[in-house]
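A.B. asks: Could you put together the complete structure from these sequences and hints?
The listed protein sequences correspond, in order, to chains Z and B. For the first sequence, the working numbering gives the first residue as 112, with consecutive numbering after it. For the second sequence, the working numbering gives the first residue as 2, with consecutive numbering after it.
Calculated from the structure, these hints are not laboratory results. Small disclaimer: the values here were computed from a predicted structure and weren't measured. No incorrect hints appear here.
Below, computed lysine-lysine pairings styled on DSS-like, alpha-carbon distance capped at 25 angstroms:
no. : chain 1 : residue 1 : chain 2 : residue 2
1   : Z       : Lys365    : Z       : Lys412
2   : B       : Lys45     : Z       : Lys308
3   : Z       : Lys308    : B       : Lys277
4   : Z       : Lys216    : B       : Lys284
5   : Z       : Lys123    : Z       : Lys365
6   : Z       : Lys324    : B       : Lys277
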Amino acid sequence: MRIAEHPILEFKRENPHTFAFEGVEVEAFEGESLAAALWAKGVRGLRRVSWGVLGPFCMIGYCSGCLVEVDGRRTRACLEPSRPGLRVGRIGDYVPRLAAEQPGKAEELEVDVMVVGSGPAGLSAAIVSGESGLDVHVFERHFRPGGQLVKQTHKFFGSGELFGGLRGFQIAERLVSRAREVGVRIHTRAPVLGYFKEGFFAVSEGERLLLVKPRAVVVSTGAVERLLPFPGNYLPGVMGAGAAQTLMNEYGVKPGERAVVVGAGNVGLIVSYQLLQAGVRVLAVVEVMPEIGGWLVHAAKIRRLGVPILTRHTVVRAEGGEQLERVVVAAVDERMEPVPGTEKVFDADLLLLSVGLTPESRLLAQMGARMVWSPELGGYVPYRSEYMETSIPGVYVAGDASGIEEATTAILTGRVAGYSAAVRLLGPRRDLLEKREEALRLLREARRTPFSARVVRGLERVIVRVAQ
Amino acid sequence: MRAEVVVVGGGITGVAVAYFLAERGFERVVVFERSYLGSGSTFKCAGGIRASFTSREHIVLMKRSIELWGELSRRLGIKYARSGYLWLASREEDLERLKRYSSIHNQFGVSTRFVEPGEVEEMAPALDTSRLVGALYDPLAGKASPFDAVHKLYLASREMGVEYRFEEVGKILVEGGAARGVASSGGITEAESVVVAAGVWSRQLLEPLGVSLPVEPEPHHAALTEEYGRLFDPLIIDLESGAYAVQTFHGHVLMGVEIPEQPSWEPGERLAFLSKVVRVWSKWLPWLPSANILRYWVGHYEVTPDHHPVLGPVGSIENLFVATGFSGHGFMMGPVVGEELASWVASGAPRTEEAAHLTLRRFEEGRLIKELAVIG
Ligand SMILES: Cc1cc2nc3c(=O)[nH]c(=O)nc-3n(C[C@H](O)[C@H](O)[C@H](O)COP(=O)(O)OP(=O)(O)OC[C@H]3O[C@@H](n4cnc5c(N)ncnc54)[C@H](O)[C@@H]3O)c2cc1C
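C.D. replies: See the structure below:
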């Protein structure tokens, strides 16, 4: 179902058209992903495997719950923009087919700065190195640039310099247009496949393979939502909180009718509120800890709207046949184990997991950057200098890929990385060094909230100080 | 705690040695792994298993290993299938080579046989046979899942009392000409015997003891496509290029081929490999250029001068054993190596005479073993 009315969002639904899914016509609009259009149509289980029916979990290209066949090729429905007349089907017992077209030749591309990922961190890095006069190329595997900002609807705090007062998707629009203004080339639908020892990155763009030889690299690949292990966690209707935001905030598609949310951190609380705005009933928010993790103002807001927050509770099971029908939660003891006899059953068709993110730092690991496990930063992250340079000279990291934080710090670490790349290629120019110091100052300021204490502790172990 | 046996390395060799030691009744076996189990070569391998070699040592040991794979699969539920190997010749000269191999196999009781195109199509429906000149089939061969094998051997050995410690062994302790334990990041562990099953890295552990292992870290690459329905049952080998491909239990096609490489401790991925492996396999799997490649990685073969492993006592130091140098075949050998090493540790002698030919001594004495069919 598509959302007809929304208190703060307006959905431009342009160029209506249809594509076929398993022979049935599906309505879609320009700029919609196949996954969103299918969800709007009420299609839930996109994959059938021997042991069950699976649905999308992440909606941003990590899980394979939305893998479908499009015109004879397998692809993730969340990364595929809808076009009129596409033939889409379940993959089922897929047999390979002969390639219709000859693969294109590989082309070499030499660039000053290569940025991987077009979220707030990547775009900010691209903008500042573009402003310095460098030839900057951003590679993004999604068909729309902006990363996860495009689904953020709340207003950001802070000064104008940091887009205070704007909503996330508005910030994304500004970053994209600023990047284009300063000559940054943004390649969408262009996944970076990896670094090859021959000395280039391979990028798949359309039918061609690009061999990119950069003089400096910024890896700003973001993060992945975590899944919890419990029976039925694969059922269509069980998804990441971010996936539901993609559906409702980016595409205006209602993710479900009756929801249970796991995790009462800021994301869980904000997404619960956004569900209510989208007309979804929130049956409960479940939190395993004794305390609510997020800001109490957010918690108060949803409580006022009648949503119970069950602390010391966890999800034990999801049930359903073709899709999620029931969620079973239970109280936990001191060892976080479910207590038998305390189960509560909710008739829900949506179960959102908001239990944290893991940095997507695999490209750096594959390149051989020295990595370290940091619980405070959410997983494996690269060691870096305070200027965001990794153990590989000329390779920088920014945003959630360097440790889980939020959009403001992503923008700032992106700026630091972008200036560092510029300093490397243009020399230690005074203006660049000053602007980098200013970004670092803002970063320190942004990390003064109580929520940053853990991150700051984590950073102490992963930042390697280097002499200038 | 004083251990009876310390095993260094948690690849297929380490977990299999631990399993067979426990089965023999050893009660205090400790395995040290510095990363996660399988993190060396084991989880990077193709899982192919065969006895169709061209040396007596390989054939005899692999035949026993295949017996053990069957038993382990029944007992522990390891994913294993006797789905065969199929060598594909697209040129007359390759067919001639296959005939030579086959006669050696048959001589040693491995009944490989030539199959007609019709039979090839039955066992490998996704194969394009238009360029097939001949095909040799080994029905005794097969495949196992490296992940499942390591996992189940780990669970079963732990059940029998084996202890696993995720620590790096920095040093093997020797006193009075005999091994007496190891020093790891967690401290010192004394032991009556030490088995070094640390893959290519065994060399670094033995070097300070004056034991030089002739094992080179040779980079080998593999790539994995998306999952498909049934394409081909046997592991297939293109004789012209030496490339192999196997359909995993999940349905992915895992394939490898050699590219020019120097021994290296830190190998990297090369686009040249991907281009070559897809080009080579397109001859038999013409749809391959349109497949998605999900993963690509590079790992090591532990290569010795005669492409046979180094097994058993190191000789110069008492109670110190080694098992490595598998030259691309260490996964399939895991079970038999486990059994042989357990026998060596327990009784001072291997179970099979052929295993005794494979000690380190052969390099000092210049009695290298000849192998004609090494596959990429
Ligand atoms: C691409 C590829 C395909 C292959 N295909 C096949 C195949 O089809 N069939 C087949 O039989 N073989 C195959 N092989 C070969 C096979 O993978 C290896 O021979 C086998 O896995 C070796 O196992 P291992 O346990 O001896 O060594 P490894 O798996 O390398 O294990 C050694 C372990 O020791 C640990 N270690 C090292 N040093 C220390 C230390 N100081 N302290 C603690 N731990 C330490 C390492 O972390 C590692 O986990 C293939 C190899 C590759 C690379």
